[in-house]
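Enquirer: Letter by letter, the chains look like this.
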Amino acid sequence: MRVEWKELQEKSFYQATARERAIGLVDEGTFREFLGPRDKMVSPHLIVLGEAVEFDDGITVGVGKIGAHPVFVVSQEGKFVGGALGEVNGAKMAYTFKLAMDCYEALKEKYGSVPEDRKPIVIVSYDSGGVRLHESNAGLVAHSECMEMFWKMQNKVPNISITASSIGAYGAQGFVCMSGDVVLANDYGRIGLTGPEVIQQEVGKDEFDASDRALIWRTMGARAKYIMGDVDFLLPDTIGAFREQVMQIAHMPMAEIAKYRHLGTPDLVEENLSVVKLAGEKGFNDSKDYWKYMGMKDVEDIPEMPQEKFLKIAKRRQRGI
Amino acid sequence: MALTELNFEFKPGSPKTLVDEWSHVGVVSSGDLEVLIEKGNAYEGKAVIRVMTTVLGFDSVWETVLKRIVETTGLSSVKVSINDNAATPAVVKRRMQQAIANGGGLQ
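First to last, the protein sequences are chains A and B.
FYI, the numbering for the first sequence is 1 to 321, going by the numbering used here.
FYI, the numbering for the second sequence is 1 to 107, going by the numbering used here.
None of these hints come from the bench; they were simulated from the model.
A hint or two may mislead.
Claimed, not checked - Here are the simulated lysine to aspartate or glutamate pairs, EDC-like style, with alpha carbons at most 20 Å apart:
id, chain 1, residue 1, chain 2, residue 2
1, A, LYS40, B, GLU38
2, B, LYS39, A, ASP39
3, B, LYS79, A, ASP39
What the hints assert, rightly or not - Anything over 10 Å on all C-beta distances counts as not near chain A; from chain B, calculated:
id, residue
4, ASN7
5, LYS11
6, THR17
7, VAL27
8, ALA42
Every residue gets a Cβ at the ideal spot worked out from N, C-alpha and C, and that includes glycine.
Whole structure, please, built from the sequences with the hints as guidance.
Expert: Structure, rendered in structure tokens:
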């Protein structure tokens, strides 16, 4: 297997495969994959149903290094069954988090407390529609295992979410993504609990028109989420840019990283509910209403303008941090 | 649809083998496939190919396409494992070429 790490740094994050993303996010030549394609651990459920299988079951997991930090990487492949989580890839994901925790405990035992420059880090590159419906119960169990590990990792292992690939983070992966400490995205990132088609199907076209691409992007797209404060860093679309940002976060103390967190405490619940309350009071019907309320001009141009210009003019929701 | 397993074994006229131990390319998305090539002494002089495909009834097309690739490149002493989700012959050929290139080519 040959991969040119230097070429990967310039490559579009959006176009890269899960494996390329995983290799490119850590230091050159340091990535070691767990259960790679040669181990041929495919989903037994898909075989029974006569569906196509993949040797890595649509996920690349492994460990690499950034400086002295051990970095545990989970990278989902959206092109295989929508990146959806089943039994095998779900177990691979949850177990990687467990290994990160084991690494933390081992370092703690060795040094007394984990040195800041050696603390383990978890990166998850989301590209998934949620639970793989062919193996739904196993997929749901995998999600709860991931959430349990996130809870154990809190304030110990920094947990970085990336949504920058074609599917985004939807369904059950939407809340798993938001449960990370820091959320990174490029312009193609998307986060949502229920996808556009399902909202239309359940509540009607008047509520949400799934054929209106512009509506989808200004509701669930990375720029809208950046203004709302759900995405913490909006980055250019190269793997190298994401690696640089991860490096900067790695250098922060854990207490500072924890301030970015979006979910998980009563205060954050209050903070999030205040946005819902505001939307009700002001009668917002569209993201554009909120952008105008925030004092941004040219709201029609916001989705289309170059990212550099957007980052200059964006007025973001003030968070409690 | 049912998953179909096809097994082939070809012996090229002028055998060569992969430079690296193994090589992997591709993602099993719709109309695409993944190719894993592994070197092994057990396959001396021949290309052992196993295909898992979702499409029924194209056994002879697979045989023709793969046989031609093995004959023209001389790929041998390897096991090739393919997971396919309805890729066309042109895509199969391209992914096989990519897999060989990704493994450092043939010698």
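Enquirer: Would you mind marking each hint as holding or not holding in the structure?
Expert: Hint by hint, here is what the structure shows:
1. Under the criterion of a C-alpha separation no larger than 20 Å, the hint pairing A/LYS40 with B/GLU38 is consistent with the structure, at around 12 Å.
2. This hinted pair checks out: B/LYS39 and A/ASP39 have alpha carbons roughly 15 Å apart, not beyond 20 Å.
3. Restraint check for B/LYS79 and A/ASP39: the C-alpha separation of about 14 Å stays at or below 20 Å, so the hint holds.
4. The beta carbon of B/ASN7 is kept farther than 10 Å from every beta carbon of chain A, the shortest such distance being approximately 15 Å.
5. For B/LYS11, the requirement that its beta carbon stay farther than 10 Å from each beta carbon of chain A is met, with the minimum near 24 Å.
6. At roughly 16 Å from the closest C-beta of chain A, the C-beta of B/THR17 stays outside 10 Å, upholding its exclusion from the interface.
7. The claim that B/VAL27 is not at the interface with chain A is violated, since a C-beta of that chain comes within 10 Å of its own (minimum 5 Å).
8. Every beta carbon of chain A lies more than 10 Å from that of B/ALA42, the smallest distance being close to 16 Å; the non-interface claim holds.
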